[in-house]
Amino acid sequence: MFSPEELHRYSKQLKLPEWNIQEQSKLASSTILVVGAGGLACGALPYLVSAGIGKIILIDGDSIDLSNLARQVLYSTHEVGQKKVKIALEKMSKLNPHCDLEGIEKNLTRENADELIAAVDLVVDCTDNFATRYLINDTCLRYDKPFVYAAIHSWEGLISLCNGDVFGEDRKGPTYRCFFPEEPGLDEIPNCDDAGVLGFLPGMMGIMQAKEAIYYLVAWASPANGALGRFDANEFSMRFFKMNRSANAEKFGERPDEVNWEMVHDVDPDVASEWLKDGKLDYILDVREPEEFELASIPGAIQLSMGEVLNKVSLLPTGKKGLVLCHHGMRSAYVIKQLQKHFQTPNLFNLKGGIDAWSIHVDENVPRYY
Amino acid sequence: MSIYTVLLFGITRDLLKEKSISLELTEPPTASDLLKHLKSSYPALQNLPSLRLAANHQFPEAEDLILPGMEIALIPPVSGG
Chain A
66 MFSPEELHRY SKQLKLPEWN IQEQSKLASS TILVVGAGGL ACGALPYLVS AGIGKIILID
126 GDSIDLSNLA RQVLYSTHEV GQKKVKIALE KMSKLNPHCD LEGIEKNLTR ENADELIAAV
186 DLVVDCTDNF ATRYLINDTC LRYDKPFVYA AIHSWEGLIS LCNGDVFGED RKGPTYRCFF
246 PEEPGLDEIP NCDDAGVLGF LPGMMGIMQA KEAIYYLVAW ASPANGALGR FDANEFSMRF
306 FKMNRSANAE KFGERPDEVN WEMVHDVDPD VASEWLKDGK LDYILDVREP EEFELASIPG
366 AIQLSMGEVL NKVSLLPTGK KGLVLCHHGM RSAYVIKQLQ KHFQTPNLFN LKGGIDAWSI
426 HVDENVPRYY
Chain H
87 MSIYTVLLFG ITRDLLKEKS ISLELTEPPT ASDLLKHLKS SYPALQNLPS LRLAANHQFP
147 EAEDLILPGM EIALIPPVSG G
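Chains A and H, in that order, give the protein sequences.
At position 212 of the first sequence (counting the first as 1) the number is 277 in the working numbering, and the numbers step up by one without a gap.
At position 22 of the second sequence (counting the first as 1) the number is 108 in the working numbering, and the numbers step up by one without a gap.
Worth double-checking, as some hints may not be accurate.
If we take Cβ atoms under 10 Å as the criterion, some of the chain H residues that face chain A in the derived model are [as the list claims (entries may be wrong)]: (1) P115; (2) S118; (3) G166.
No farther apart than 27 Å at their CA atoms in a straight line, the calculated lysine-lysine pairs in the DSSO-like style are these [stated by the list, open to error]: (4) H:K122 with A:K307; (5) H:K122 with A:K342; (6) A:K385 with H:K122.
Simulated from the structure, these hints should not be mistaken for laboratory data.
Think of the CB as a built atom: it goes at the ideal place given N, C-alpha and C, for glycine as much as any other residue.
All chains, full assembly: derive it from the sequences and hints.
Quick look at the structure:
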């Protein structure tokens, strides 16, 4: 039951013929997770909080930087250096004391995503990086949770209600991986810091996310549910691109702990050579020392010695198929285990017998050394 | 010969410095062939393995035919927030 104060507070939305106590009650009994407290969240949060959602959990480990202020309008100049979550919660709790707010001053990671996402009705993806977006996607799949994706590039934004029931169409909507199956490589798509942005765009996209979250929580249909929407600020246009859920969408929800990160996949030199010829290898990582690399190497290989590779993981293309090698296959097996364990790097293959076996079985022009 | 106009979104717009591109084709291509054709005609697109092609406000299946007159768009993923 709503108090007289609440009925007064929500009286303008309750005036809408379509929005009744039933809708208001659905919001009040909902719990959502907002991931990220940056430009998108600064648009989304005030409208989620003020509309009357029962509980909102906000997670972000970042602190406020001066360069955030031109778009992250929840924060003020004198708050630079403070945690975003702390300041956002202070302001939002004043906006609507009926919203139960919880802040987590950490980033969403593989360690905490399951517990957080399993406990909510819907996730709002306000992050700024692909790694977290794919983590949200895969975890939402595992627990059958809908999430509202949005992201921006320069003068345009994308938005979609992913992994939800498409109301009125009797189908399950696509996941983010149905649109974009693989996480893009590090150098493929620039982020805000590189591409630049004017503050209103993430603000507008964030408000659209709030709209999609509210519609979904009260089970209303929307063109952004089951399709990818693209807003163009220059043309002031909105286009939607419909997508069917992929037949193999579910496999990305498989539990990460079913993956054995201790396991090293060996590949014989002749098979690796076929992969290389057929373009099936995205990169080759050679973990020997520079002086060994000079003696003998496979053309095109990235040389990062065993001692430095863990500090330079960002140089490796994420999600791509990689062949890792050393002299005889021992150091490379160790590096693979470390990369898998600490960075969950997938698709790594150990060249069995190392460069020495490569010289013997594949390319005798690669000199052997001892 | 039919002329196909392709709208460019996201980073493809920055890479090709155009809002749209046109190409002439003798036969209607499949969605996957059209994407391959675009990548070979515009090498700047080759470093975008995640790039998707949409036609008539849908994401087509790889083998679907893309017919003249359809609104075609190249959509890369975006991540900024």
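Tested hints:
no. : hint               : result
1   : P115               : 19 Å, violated
2   : S118               : 14 Å, violated
3   : G166               : 4 Å, holds
4   : H:K122 with A:K307 : 22 Å, holds
5   : H:K122 with A:K342 : 20 Å, holds
6   : A:K385 with H:K122 : 20 Å, holds
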